Amino acid sequence: MRKAVQTEKKRFLDDPANVTRIWRGFVIACVAVAALDILGLLGFIWHRHVNLFIEGLPGFYPLWGFLGISMLIIVAKKLRTLVMRPEDYYDDE
Amino acid sequence: MTSSLPPFVIFLVAGLLAVVVRGRLRSALLLATPVVSALTLIDLQPGTTVEVGIMGLELTLMRVDELSLLFGYLFHLAAFIGILYSLHVKDTLQQSTSVLYAGSAVGAAFAGDLITFFLFWELLAITSVFLIWASRTPSAIRAGIRYLVLQVGSGVTLLAGIIFYAHGTGGIAFNEIGLDAPGGLLIFLGLGLKCGFPLLHMWLTDAYPEATPTGSVFLCMFTTKVAVMALARGFPGAEPLIYIGAAMTFFPIFFAVIENDLRRVLAFSMINQLGFMVCGIGIGTALALNGAVSHAFNDVLFKGLLFMAVGAVITMTGRSKASDLGGLYKTMPITATLCIIGAATISAIPLFAGFVSKSMVMQAALNEGHPVIWLFLLFASVGVLEHAGIKIPFFAFFAHDSGLRPGEPPTNMLLAMGISAVLCIAIGTWPATLYSLLPYDASYEPYDMTHVIVQLQLLMFGGLAVFWMMRTGRYPTEERAINLEFDWFYRRLLPSWIRAGGSALAPIRAGYARMVHARGEDLLNFLTRHHGNTGTLARTWPTGSMALWVAILLALFVVAYYV
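For the record, the sequence lines run as chains A and B. According to the working numbering, the stretch in the first sequence is residues 853 to 945, in order. According to the working numbering, the stretch in the second sequence is residues 5 to 567, in order.
Everything labelled a hint here was simulated from the structure, so no lab data went into it. Just so we're clear, the structure is a prediction, and the values are computed from it rather than from any experiment. Beta carbons: idealized from backbone N, C-alpha and C, even for Gly. Treat the hints with care, since some could be wrong.
[Claimed, not checked] Below are the EDC-like pairs computed for lysine to aspartate or glutamate, each with C-alpha atoms no more than 16 Å apart in a straight line:
| no. | chain 1 | residue 1 | chain 2 | residue 2 |
| --- | --- | --- | --- | --- |
| 1 | A | 930 | B | 489 |
| 2 | B | 325 | A | 939 |
| 3 | B | 334 | A | 867 |
| 4 | A | 929 | B | 483 |
| 5 | A | 930 | B | 483 |
| 6 | A | 929 | B | 482 |
| 7 | A | 861 | B | 405 |
| 8 | B | 325 | B | 482 |
| 9 | A | 930 | B | 482 |
| 10 | A | 862 | B | 405 |
| 11 | B | 325 | A | 940 |
| 12 | B | 334 | A | 860 |
[As the list claims (entries may be wrong)] What follows is a set of in silico ranges between Cβ atoms, one per label pair, in the way DEER data are often shown:
| no. | chain 1 | residue 1 | chain 2 | residue 2 | range |
| --- | --- | --- | --- | --- | --- |
| 13 | B | 28 | A | 871 | 44 to 50 Å |
| 14 | A | 943 | B | 521 | 36 to 42 Å |
| 15 | A | 926 | B | 496 | 25 to 31 Å |
| 16 | A | 869 | B | 29 | 55 to 61 Å |
| 17 | B | 411 | A | 871 | 22 to 28 Å |
Could you put together the complete structure from these sequences and hints?
Structure follows, in structure tokens:
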């Protein structure tokens, strides 16, 4: 299974510069998708229909997604201090 | 009524036959089972029943309606995918029990009365535990025992509820039960355990990661989906389910973020997805119930696909921990692609199956005036993206290079994953076929401009947060560690209480022992005094003294005689 890694050809993703390029492209795509809210607000191209007031606020979904995940990860890291144990914790059963 | 053969019979016969046949014949038999059985489903019309009388009970072995048909199709499809995926495994124990397990699920889906349902409910537990034990490691054996105890506990609770219900209502037909019915709460809890209700869910995250790589694929497809179907049948619109479901979507995602074992991440993710279904059943409108059962249908495909992808990684590398994996895309590109399709589907990206089913539950929550629940579900939806959508494929196939260079898994595994992946995209892109199978009467159109755009915004910014945290070092590192979960209460706390109870009682025990000992010693001393080495009754006497005594006695006798 383990082979000498050094003889392999270099992959696209092995170059950090390429990863950074993908990352930048993704950020631009995110900004573009968020910008659709402005078009929706103007009723241009698409017309937004909403069930709740806050749902209709521009930027609600992007913010909920970004802050939701950030909160999730921060809380989960705190949770580790409470519940993390060595792998052999239950070995004496 | 008709002479139809209940479809579970074919599975049970094949499962038993699999023990005696070998090699290619067994493979052919197993693969043919769901196909042949599915052919018998084609002619089935809603309203068909098969009844038998046993011991004075009129049992409805098969009752066909739209709900049972949907789950019937689903379990046949799942059985076929699972059997194909595990075709390379040469282990009689697993091959036989996995088909029996699938058959139990089919039987439960068509069960028309509560007694029949209970029998299949128990059979699910008994057949599935072998898929855990088949790992044949000490930890799997122990996890299997814990799993079996809780599963059978669920069955006992269900049976108790059924007895109250039958006694109170005079009927055993499996229709809407409701929480207020006699025994309703017990039935509810019995079903809830196998559905992964919070604090009753520990068996799932404990045992599924211990199963064999192919076994966990079967496990993720049947037990919990039978429970969802049963809740949809027995407790539609039961309000507590809304809150139970929301809690189920919420708490596992925090554990999933920090979990190192990828199969355990999927187990947490499974509770999260079940939460959406349970919530939908609780809302109870036609749209919500359709959402719940169609999400159960899709979950079998996408969660199965993710378990299959991780199972393929375990089969090829022997590892399942995020900290030990990474960089596998270089030599397992097909598996990586299929895994990403599963991840995209569970994340509910438009054009993938998760999008067209989960959104029904979300929409129903809004329609019925549960905005806070809706916000919870929306948060949980982004959470899914983090742990199942990104974490699973990223840490297995990308992340840091582990140096492992395994090849692609056997063809049958790739084919099984391929079928699931194609269905994930097909259902997501053309949802009309799935919608036409749904049992409740509600129309829903997932592809509307607003819905697609806001979903993309939600998910892309969720992804943005994850990758931003990874790039800036804020993301929690993969630790070679375990995280305590609620099973700690019975694996550590309870045993320690029992031990502590033992030591608290120790002085009393010691006192009692002292008393018994002292009494015994008194008795012993008494015996020693009289019968011991120096005791009066144990002294040795010279033979002469005996003769003297005999002479004295004789003399006394003679004197007495003459007097």
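Cross-check of the supplied hints:
1. Under the criterion of a C-alpha separation no larger than 16 Å, the hint pairing residue 930/A with residue 489/B is consistent with the structure, at around 15 Å.
2. At roughly 11 Å between alpha-carbon atoms, residue 325/B and residue 939/A fall within 16 Å of each other, so this suggested pair holds.
3. As the CA atoms of residue 334/B and residue 867/A are separated by approximately 14 Å, the hinted pair is consistent with the 16 Å bound.
4. With a C-alpha separation of about 12 Å, the suggested pairing of residue 929/A with residue 483/B holds against the 16 Å cut-off.
5. Restraint check: the Cα-Cα separation between residue 930/A and residue 483/B comes to about 14 Å, which is no more than 16 Å; the hinted pair holds.
6. A C-alpha spacing of about 11 Å is found between residue 929/A and residue 482/B, which places the hinted pair at or below 16 Å, so the restraint holds.
7. Restraint check for residue 861/A and residue 405/B: the C-alpha separation of about 14 Å stays at or below 16 Å, so the hint holds.
8. Simply put, residue 325/B and residue 482/B have alpha-carbon atoms about 9 Å apart, close enough for the 16 Å limit, and the pair holds.
9. For the given pair, residue 930/A sits about 15 Å from residue 482/B by alpha-carbon distance, which is consistent with the 16 Å threshold.
10. Between the alpha carbons of residue 862/A and residue 405/B the distance comes to roughly 12 Å, so the proposed pair stays at or under 16 Å and holds.
11. For the hint pairing residue 325/B with residue 940/A, the CA-to-CA distance comes to about 14 Å; that is within 16 Å, so the pair holds.
12. For the given pair, residue 334/B sits about 10 Å from residue 860/A by alpha-carbon distance, which is consistent with the 16 Å threshold.
13. The supplied range of 44 to 50 Å is met by residue 28/B and residue 871/A, whose beta-carbon atoms lie about 47 Å from each other.
14. In this structure the hint that residue 943/A and residue 521/B lie 36 to 42 Å apart at CB holds, the actual value being about 39 Å.
15. Residue 926/A and residue 496/B have their C-beta atoms about 28 Å apart, which keeps the hinted 25 to 31 Å range intact.
16. A hinted range of 55 to 61 Å holds for the C-beta pair residue 869/A and residue 29/B, which are about 56 Å apart.
17. At about 25 Å, the CB distance of residue 411/B to residue 871/A agrees with the hint of 22 to 28 Å.
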